[in-house]
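Novice: Sequence:
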Amino acid sequence: MVRLSSSEQYASLIDNYNTWMFDCDGVLWHDDQLIDGAVDVLRLLRHRKKTIVFVTNNATKSRRDYKTKFDKLGVEAHVDEIYGSAYASAVYLSSVVKFPKDKKVYVIGMSGLEEELKEEGIQYLGGTDPADCTLAPFSLADFVLDEDVAAVLCGFDSNITYTKLSKAFHYLTRNPGCQFLVTNEDSTYPNAYGVLPGGGALSASLRYALGKDPLCIGKPSTTMLDCIRAKVSYDPKRTIMVGDRLNTDILFGQNGGISTLLVLTGITVESDITGPNASNIIPDYVTGSVGDLRAVDDFDEEMPDYSIYIRINNATSDVLRWLDSPAVHGRWINIPDRIEPRSISQTFQLRDPLGPIGSEGHLQFEIQRAPPNNLPRSYLSARLSCPYFVGRRNKVDVQLVAPEDLYTTSFRASSGKGHQWTEGRIDDKGHPLHVEVMLERAKFTVERICASLGHPILNSRHVMGNRFDVQELWNQSTWNDSMDGQRGSFQPNIFGYNLLSDLSRTSALTVTIAVRDPDLIGAQGQIHGRAPGSGVTLQSNIFSIDSLSNVTISVHVAEPEACSKPFALNADPKKTRLELYWIAETLHPASESGGIPVKFLRIMLPSTSRSDFDDFDSYDWNREMTRRAFEDYNKTYDTRDGAAWFGVRLHGGIFNLQGYFEADESGKPGTLHPLVNCMDQAAIVELTCSLGRGASDPPMSWVAQEPFGYIKDTHLVGVEDHDGNLLTINNPYFGADQTRSHLDPQDPTRTFFVCHTYQTVDHNLTNLAGGAFNRHVVYDACSGPHLGTESISDYLTRTIDTSHPVFQFSQTVHPGRPVTHLGVTCINQQHRMPPLDPYTDSSSKVLTLVGLSEAGTASSSITYVHWAHLPEWIKKVLGEDWRAEDSGYVSVTEATTHASWWLDRKRAKKSTYEPAIKIDVYVQSHTDADGVLDLAASKQATRRCLASIITSTSRDIKEVWTRGKLDGFGECSVRYIRGGRFVVVAGPTIIDIWRDMERTVELFEDCALKLLEHTIRRDSPALTAPVIMRGPLLSMQHHEDERPNKILVHSVDRRFSLYFQLDKPIAAADATTEGWAFLFNKYVQEVAEDSVTVRLMFMIQKMGSHVVKVHFADSETLVSRTQTVEVEAVE
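Take the sequence shown: its letter number 1106 is residue 1106 in this note's numbering, and every next letter is one higher.
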């Protein structure tokens, strides 16, 4: 035994051995505390090209767990260098004894052991199973012996119980041939605060009860060494084991024929090797700590330093608090927890991990402002790199994650040992790297930005800006409220003005700044802003700074003097906080009530070329918007079923604008759900064209024809050949077989449009012969496209093919009369307009076509629940690969609740998702004054809703739909003839489930049945709407009249709230008014033990007396009720 002490001895030791095996606990660390010098020694060995192996008897962690711990402590290690007894046990079973795949292992141990068994494909039970971790008395009478258990594996288990020991005992005594294995026989293990019983102590009771010894896998058994030898090629004569225990680490080395080095930082103490009761296990070498190996000569010179040394100069009156900062390469040393105001921190280090890497990390401090501190959180961050590789450069990138006008930052740096400082830059080469960061307060701050809104804009948080008086776009004190988490730009600072108005008069902003620096007193300033790529400039007059106070400046459009196109000021949020849109004077009614979604504006307006609108009129605008709807939104006509995918029907109705433009991982609008039909395209044309309509311009009209007939050669939106060219089509429903997209005109298998929708506008135009005419012209972005150059009669003549033989004898293909409908009544289920139901008298006729008889009894023994909470349970029902898209929603209006969800499934072997299933749930609720459902009336409404769904395709009903096979899930069901969609009706509820065209029918049906089984209730539950216990009230304080029918509102800022106390939680709330007296903004729900409080927020457009209808949908069944109240609004 050699006791090492001199630098020569340590140098000789390092030279003599090429492979170094290290125990971990007690050698490299105690718990989460590194032993001094351990990392330096490992770095030195790697620098000298030594092979390193970590050998531990700790069976509580898997190799991945250990890798995480190494990373956390800043110790360089690779998974294939780590050999724990948990991993060795799993390899022993799978590779050495060839454990049968149909047999199981009973585990006494923790999750790390289970993970390694799972990785090797070994079945197990026990372990962390809560049933085995119980402290309840073990009942042998209730114990069921699993005859497939062929081994008991015992490791360290901090949750050891009598139940585990008893089960293990019975498997070993009652299952013939059951193997008794232990991961290790350590009697104790070292802790930062002392010594604790180890895995061997836990298994001792089994050994005593059985009267036999187990097979030990870990140290000192050579089984562990066999596992290492299978992966690592080493010469035993030039290999050394470093450990802190004589009876495991040192004996392990001796049993394997390799040299041993004992350190005294763990279990073994001096008296164990030199005292009167010294062990007969004698190591080859002894040293106090592994860190002693740093005593070799020229250690500092041999180890190149690619570290980064940082110092922060905090010149502000605020405290900097360190946040947990990741080190990509290396480890942070001596980093300060906080840096006081007006102080310079001590120098701290990002130490490089030695080897061909260098150091790299991300440093972050939170800026904790001195009072008043109601501003948003701010952060000082820096990315730093001092790479080892030749050709890579040193980097320093200092950033502020904060309102950028609050602070300024700068830095200086030097590389190498010369310490030649450079300001704001760093030499590309040289090491180590020294950086000093300066943080200072800014000269002035922007406090507030205001403007007069010309239109209501619905921001990214679905909050609508007030269109009256002066609207605050941004405020320093409410900075977080203006943050758009999806894009990083600022909301709700959006405003719009009439497209044709005098911008120099109407486009003024007011900007308030707070002067911070006394040196600015007496200076003059000017505010300047620019919309990139548009030529539009915002500019103030020159103003003077007279004191350290707020200054409010007026900012106008300076160039050009008049702007004739919409544009968006939406640049880097570090340079501007505004998005500015010029929008038409007269809005679409659905936009008027619910606000124009800013995401819609972002897609529609920024890409419009100004040159296209120098001589702007609504006719040009309509043509451009129709063309873009046909070409730019990545949509493809549904050539299989011709179904409407975004909520609209033949008559118009509700349009899911958000879903229409939803993007997949490519980021291109419309790519997530690409399929459309004529109704979807008519809806998008109607909405986009409305953005350019002047007050004197006629509105668009939604026109539907049923039937429509065979079509002449045309293009359908997005239907292209394999080379990306639009197909010429006269057979619209060819499915995926492009060879059938164009058939002989007389072919009897040609398909036709059973119905078709398009838009018309009354325009004053000039015909091709130069004559003027005033008539309705057609805009069609589904077929063609047709861009407003034809009257309706010309359009029909050029579109409909009357030459087919069927046309001569069948009225089903003769064009129906063009009928004008209301069109889009609602956007994204927000702020619904009065619905139009064209099927009141014809629903029975429609349902008869698919084999459904007249409505039967009003009662129902089936209902459905939990659809409003689908995102919470979808993974439980369909699996971890499924999720609900964020665009899903639950909405409610008078007598109707609608829940809509897209389900995405993770792509195989990828982290991305693809749309798989679409779900729409409709609940019709006709209730009495007490909220009790009138099932008869609700069922009639349900049949009308079902008829609307069936007529939502452009194909012949009898070619698409048939009677379903799921009547056991409701009173009736219908389905697509070719599969992929079915609709179930149960009482007042309709569930419409359909698949993405890429899904197999079998997968779709399996998933759909699981969804129905999870939500169905067959026990005739009572269907009641939420009961209003109190309200409407202006506050929840006590009132003499708890259920008033009339409310007096004194409005100062044109906003008010109504409060309701309900008996149960709700899934959705909404409100409608007669006319547009009030704009419903949003609602907030607070759930208590015995009641629910709902607050609905409104904005007033017109003073006086108005009728408001408030709608609530039950959280479980979606049954809804409506409360009518008269609101008197006074100044």
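Derived by calculation from the structure, the hints in this document are not laboratory data. Because the structure is a prediction, the values reported are computed rather than measured. Each hint should be verified, as a subset may be incorrect.
To be verified - The calculated lysine to any residue pairs, modelled on SDA-like cross-linking and capped at a C-alpha distance of 25 Å, are:
#1 K958 / L935
#2 K395 / R369
#3 K876 / V398
#4 K712 / P745
#5 K1109 / M1036
#6 K1046 / V1084
#7 K668 / P707
#8 K69 / K103
#9 K212 / L264
#10 K429 / V398
#11 K1082 / C450
#12 K67 / K103
#13 K50 / A230
#14 K1109 / Y1059
#15 K118 / A230
#16 K1109 / R1018
#17 K876 / R1018
#18 K958 / K668
#19 K69 / L264
#20 K49 / L196
#21 K69 / Y162
#22 K958 / S803
Claimed, not checked - Simulated restraints, written as ranges between beta carbons of each label pair:
#23 V1084 / K429: 51 to 61 Å
#24 E959 / R377: 53 to 63 Å
#25 A937 / R377: 52 to 62 Å
No residue lacks a Cβ here, since even glycine has one placed at the ideal position from N, Cα and C.
Novice: Taking the hints in turn, state whether each one holds.
Specialist: Each hint tested on the structure:
1. K958 / L935: 29 Å, violated
2. K395 / R369: Cα-Cα ~29 Å, so violated.
3. K876 / V398: 44 Å, violated
4. K712 / P745: 9 Å, holds
5. K1109 / M1036: Between K1109 and M1036 the Cα gap is close to 20 Å, so the pair holds against 25 Å.
6. K1046 / V1084: Distance ~22 Å between K1046 and V1084 Cα, so the pair holds.
7. K668 / P707: 35 Å, violated
8. K69 / K103: 33 Å, violated
9. K212 / L264: Distance ~33 Å between K212 and L264 Cα, so the pair is violated.
10. K429 / V398: Holds, at about 19 Å.
11. K1082 / C450: 23 Å, holds
12. K67 / K103: The hint is violated at about 30 Å.
13. K50 / A230: The given pair, whose Cα atoms are some 19 Å apart, holds under the 25 Å limit.
14. K1109 / Y1059: Within the cut-off at roughly 13 Å; holds.
15. K118 / A230: OK: K118 and A230 at ~20 Å, within 25 Å.
16. K1109 / R1018: 33 Å, violated
17. K876 / R1018: 21 Å, holds
18. K958 / K668: 36 Å, violated
19. K69 / L264: This hinted pair holds, its Cα atoms lying about 23 Å apart.
20. K49 / L196: The hint is violated at about 36 Å.
21. K69 / Y162: 31 Å, violated
22. K958 / S803: 23 Å, holds
23. V1084 / K429: 51 to 61 Å: The hinted range 51 to 61 Å holds for V1084 and K429, with Cβ atoms some 58 Å apart.
24. E959 / R377: 53 to 63 Å: 60 Å, holds
25. A937 / R377: 52 to 62 Å: 54 Å, holds
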